[in-house]
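*Asks:* As you go down the protein sequences, you meet chains A and B in turn.
The working numbering applies: residue 1 is where the first sequence begins, and numbers increase by one.
The working numbering applies: residue 1 is where the second sequence begins, and numbers increase by one.
Derived by calculation from the structure, the hints in this document are not laboratory data.
Just so you know, these numbers come straight off a predicted model, no measurement behind them.
Hints are supplied without guarantee of correctness; some may be wrong.
[As the list claims (entries may be wrong)] The following label-pair restraints were derived from C-beta to C-beta distances:
{"hint": "1", "chain 1": "A", "residue 1": "Asp23", "chain 2": "B", "residue 2": "Arg185", "range": "44 to 54 Å"}
{"hint": "2", "chain 1": "B", "residue 1": "Thr122", "chain 2": "A", "residue 2": "Thr162", "range": "18 to 28 Å"}
{"hint": "3", "chain 1": "A", "residue 1": "Pro67", "chain 2": "B", "residue 2": "Ala91", "range": "36 to 46 Å"}
{"hint": "4", "chain 1": "A", "residue 1": "Gln152", "chain 2": "B", "residue 2": "Arg164", "range": "50 to 60 Å"}
{"hint": "5", "chain 1": "B", "residue 1": "Lys93", "chain 2": "A", "residue 2": "Pro108", "range": "32 to 42 Å"}
{"hint": "6", "chain 1": "A", "residue 1": "Thr162", "chain 2": "B", "residue 2": "Leu194", "range": "52 to 62 Å"}
Don't be surprised by glycine CBs; every beta carbon is placed ideally from N, CA and C.
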Amino acid sequence: MSQAVLDKLKARFGAAILETHSDFGDDTALVDAKQWRAIGEFLRQDPACEFDLPVDLCGVDYPRRLPRMEVVLHLYSTTRRHRVRLKARVGDEDMEGAELDSLVAVWPGLNWLEREVYDMSGVRFRGHPDLRRILMYPEFVGHPLQKTYPAQRTQPLVPYRTEDEAGVPLEKQAPFGPDEGMPFGRRALPRSEES
Amino acid sequence: MGDMNPGGAVVLEGSEQGFALTRVDALLGWARKYSLFAYPFVTACCGMEFMALNSPRFDLARFGAEAPRFSPRQADLLWVVGTISQRQAPALKRIYDQMMEPKWVLAFGTCASSGGFYDNYTTVPGIDKVIPVDVYVPGCPPRPEAVLDGLMLLQDKIARNERRPGVVKPRVDPPVKVAELVQLRRSAHDPSELVPRLGRGETK
Chain A
1 MSQAVLDKLK
11 ARFGAAILET
21 HSDFGDDTAL
31 VDAKQWRAIG
41 EFLRQDPACE
51 FDLPVDLCGV
61 DYPRRLPRME
71 VVLHLYSTTR
81 RHRVRLKARV
91 GDEDMEGAEL
101 DSLVAVWPGL
111 NWLEREVYDM
121 SGVRFRGHPD
131 LRRILMYPEF
141 VGHPLQKTYP
151 AQRTQPLVPY
161 RTEDEAGVPL
171 EKQAPFGPDE
181 GMPFGRRALP
191 RSEES
Chain B
1 MGDMNPGGAV
11 VLEGSEQGFA
21 LTRVDALLGW
31 ARKYSLFAYP
41 FVTACCGMEF
51 MALNSPRFDL
61 ARFGAEAPRF
71 SPRQADLLWV
81 VGTISQRQAP
91 ALKRIYDQMM
101 EPKWVLAFGT
111 CASSGGFYDN
121 YTTVPGIDKV
131 IPVDVYVPGC
141 PPRPEAVLDG
151 LMLLQDKIAR
161 NERRPGVVKP
171 RVDPPVKVAE
181 LVQLRRSAHD
191 PSELVPRLGR
201 GETK
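Modelling step: build the complete structure from the supplied sequences, incorporating the hints.
*Replies:* Written as structure tokens, this is what we have:
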């Protein structure tokens, strides 16, 4: 439906549009991270695009691919009724250079979403007015949705009671067996890849 | 109102007013178990079941535990209802520390008891890692009947001055007999519609 938008982007930005596809009806453009801000402004202001609603912003970690972190922005136009998905790839193995220009000046609604991506994935947004953690607590170290974050690592704010303090066993009691919990997904990357 | 014979008191007949003998701790336990002032620390979906529990159908007032107090200083039973995230743990600890002795904690549901299926960086794996717990009620969410079992277990522990944690045993529904199931028939007016077959003696 918004193939026209992709064509417009390619005509306007040329080599900065690295690839496009429309798989499953979702028009997607992978763009040069350096042009992130300019493309955002264009999509917001161009009368034929007029994307006025930033639906979602998220980070996806592909630890075996470089650049490693993919930032995905979903846009919708309430006037033109079309959608587009923008992607940009940033960051090396150690998340060096995982930076993007903030689009808060273009869509104020992205303020908290960019904070969430920063908190969960560790992408820093240049020019964000208030880039703090939003879901995790300030004491939290690391970014939990990076694939290199160890699945078993917790960072309690209140130190756990020991069994000596409690005077009773604190291991999960029946009917809460040790297998209570997620039966899958406890595998982190091999130890050499953990930070 | 249940056991009106506090702590196995011995009532002596014969005097005009009458009097009874018991131990002080037994009398205190008997009084405390019927006046539990609750502080609901409700964080997640178990809260819906907690609301059902507080409805007239289950009549928490039978147990003298129906009065909520929204200041921990006036409460002596802390209901921890739902998932406790690492970020909430300091608040929970502080609420618990503000409550006056004697105080009891009931872990409502699997998440409060063990963290449930949230086995990750964000969730406390059971509130007993942070504060002491008296009764665990498993279930996701627990049925109100299971919570009532837990409340009675707690009352029993209070009466016996017993502080070791207890776990409510899951109830098993009795098997349903075919004759007890509602039978359906095709509606006379619209054959595509199924309506309950009326039993003998029943009328519309």
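*Asks:* All hints, please: hold or fail.
*Replies:* Status of the hints after comparison with the structure:
{"no.": "1", "hint": "A/Asp23 <-> B/Arg185: 44 to 54 Å", "in the structure": "50 Å, holds"}
{"no.": "2", "hint": "B/Thr122 <-> A/Thr162: 18 to 28 Å", "in the structure": "22 Å, holds"}
{"no.": "3", "hint": "A/Pro67 <-> B/Ala91: 36 to 46 Å", "in the structure": "39 Å, holds"}
{"no.": "4", "hint": "A/Gln152 <-> B/Arg164: 50 to 60 Å", "in the structure": "30 Å, violated"}
{"no.": "5", "hint": "B/Lys93 <-> A/Pro108: 32 to 42 Å", "in the structure": "37 Å, holds"}
{"no.": "6", "hint": "A/Thr162 <-> B/Leu194: 52 to 62 Å", "in the structure": "60 Å, holds"}
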